[in-house]
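Construct the entire structure; sequences and hints are all you get.
Heads up: the protein sequence lines correspond to chains A and B, in order. Going by this note's numbering, the first sequence opens with residue 1, and the numbers climb by one from there. Going by this note's numbering, the second sequence opens with residue 1, and the numbers climb by one from there.
If you are wondering where the hints come from, they were derived from the structure by calculation, not from laboratory data. Possibly wrong hints are sitting among the right ones.
Some residues of chain A that are not near chain B, with every Cβ distance over 10 Å (derived) [unchecked claim]:
#: 1; residue: N2
#: 2; residue: E49
#: 3; residue: V53
#: 4; residue: P96
#: 5; residue: V97
#: 6; residue: Q168
#: 7; residue: W224
Straight-line C-alpha distance at most 30 Å; calculated DSSO-like pairs for lysine-lysine [as the list claims (entries may be wrong)]:
#: 8; chain 1: A; residue 1: K7; chain 2: B; residue 2: K140
#: 9; chain 1: B; residue 1: K128; chain 2: B; residue 2: K209
#: 10; chain 1: A; residue 1: K84; chain 2: B; residue 2: K128
#: 11; chain 1: B; residue 1: K140; chain 2: A; residue 2: K84
Just so you have them, the derived chain B footprint on chain A, three or more residues with Cβ under 8 Å [unchecked claim]:
#: 12; segment: 12-21
#: 13; segment: 83-89
In this text, a Cβ means the ideal position worked out from N, Cα and C, and glycines have one as well.
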Amino acid sequence: MNWHAIKAIYIFEMARTWRTLAQSIISPVLSTSLYFVVFGAAIGSRIEEVEGVSYGAFIVPGLIMLSLLTQAVSNASFGIYFPKFIGTIYELLSAPVSFLEIVIGYVGAAATKAFIIGMIILGTAGFFVDLRIEHPFVMALFLVLTCISFSLLGFIIGIWAKNFEQLQLVPLLVITPMVFLGGSFYSVAMLPPVWQTVTYFNPVLYLISGFRWSFYEVSDVNVWLSLGFIFIFLFACLGVIWWIFKTGYQIRS
Amino acid sequence: MSAIIRVSNVSKIYEGGFTALKDVSLQIREGEILALLGPNGAGKTTLISTICGITLPTSGTIDVGGFDSQKDFRGARSLIGLVPQELTIEPFETVMNTVSFSRGLFGKSHDAAVIEKILRSLSLWDKKDSQIRTLSGGMKRRVLIAKALSHEPRILFLDEPSAGVDVELRKDMWEVVKSLAAEGVTIILTTHYIEEAEEMADRVGVINKGEILLVEEKADLMRKLGQKELQIELQEPVLALPESLASYDLTIEDDGNKLRYAYETTGNRTGITALLADLAAAGMRLKDIETRQSSLEEIFVGLVKEKA
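Structure, rendered in structure tokens:
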């Protein structure tokens, strides 16, 4: 393993985060605060409790997941797309690094950034609602696994994308709707039966549900199912990346 | 001298069916400066990209310092530094960080002294904390060279190093190249300027349409490329040359209205002065004279024909 290369890529990518520190931190804090104002205060005053949890607190895991997923995907996809776009990818391709090392470097950095943002949102949420975390280790596990698997997905998107439009397409048209419709702001039990069934096909539901369980021990689906799902997703992404590695898809002609 | 790079029967056919390299075989000697000369689209960059691992050959093998470029890609690539043709460089990073990044990428631990030496040799030390986007084009090219040298490679590829470069930088760049060569670094540069090859190289390879037409010692090739012609237009046509002009390599053209004289610019004596004196002595009156040199394009065509 070329550890120096992994370190170099990781530091290089994190440097981009520090360069845009204000944007990296302020925007999630601001958007989370807005969600609390709109959903927590305005809607929350009418809903009060969901499954014994105050509405404001109930939406916290979903809010974290919303930012986490978007950030992990967009960071990782941009991280690898940008060198392709400006041509600096030549250096990665001519360096004595394997594809695995490239993935660890980029995905590691994107996952780290997403994790930090997740923690910032958690901290911000603490100002608005009383948080309790029943299973902190499970919560951390969900957080880390989600950051890694969605950064892997982002990396795949970054490799696949041929232009900036495609880069935006998946987060905008797939991730965000899936998070919104995956029970971020409501319990599945609140939906009509037909929509409940439909929601069970949404993979993000399992993520949010498991994550919420680690906070309040309430969930739409069994926590083991959630954990199992995230591992399946993780391995699916690794599988696709392995295939990209084998074929040189979109990278090396 | 032993070969540090052996390219054996390498072909590259791109997805669209375009053949960029046709059965190229080439040996690059350790410590030499090799110039790859060829018109645009000849396959110079593809050849370099294939050796460096940016593109994979369709067939054939490449050995770099005893390492197969695909099976032992780590060993092969860690010997090579590449300065690309385009100014492709992360705009928002600082000079120091981007050069340190390159060194890390090539598996070397951070070494402040090495990086300082490289940056100083390229007059970049003052700019080490500047963001790359604030630098001029020439400075950016220096940064690309610094990046390529950051891991102290044994082989350096310079792809069209003088494209869009001012005189000052070109001079500096050649100084750096010369001192690297003195340290034993093998240097391969591509260019479409004969003068550049002439100034720098030990050997010159000519590539056209994906084929290596020849690889020769510079001195030999320059002799071939250094041919010029003198065209002499006469006031009155001649049918045959007088005895006094028999020793010159003269050809009669245009029904005797013109004489053509081939000579070498690289020689000490071109023979022009003597020829003109002898023409006057033979009573021939001149209407006009013109010299012309075969363009690189014509030389390529000539070489292609020769090989066909």
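Consistency of the hints with the structure:
{"no.": "1", "hint": "N2", "result": "violated (5 Å)"}
{"no.": "2", "hint": "E49", "result": "holds (48 Å)"}
{"no.": "3", "hint": "V53", "result": "holds (43 Å)"}
{"no.": "4", "hint": "P96", "result": "violated (4 Å)"}
{"no.": "5", "hint": "V97", "result": "violated (6 Å)"}
{"no.": "6", "hint": "Q168", "result": "holds (20 Å)"}
{"no.": "7", "hint": "W224", "result": "holds (41 Å)"}
{"no.": "8", "hint": "K7(A) - K140(B)", "result": "holds (24 Å)"}
{"no.": "9", "hint": "K128(B) - K209(B)", "result": "violated (41 Å)"}
{"no.": "10", "hint": "K84(A) - K128(B)", "result": "holds (25 Å)"}
{"no.": "11", "hint": "K140(B) - K84(A)", "result": "holds (19 Å)"}
{"no.": "12", "hint": "12-21", "result": "holds (count 4)"}
{"no.": "13", "hint": "83-89", "result": "holds (count 4)"}
Consistency note: the structure conflicts with the earlier hints numbered 1, 4, 5 and 9.
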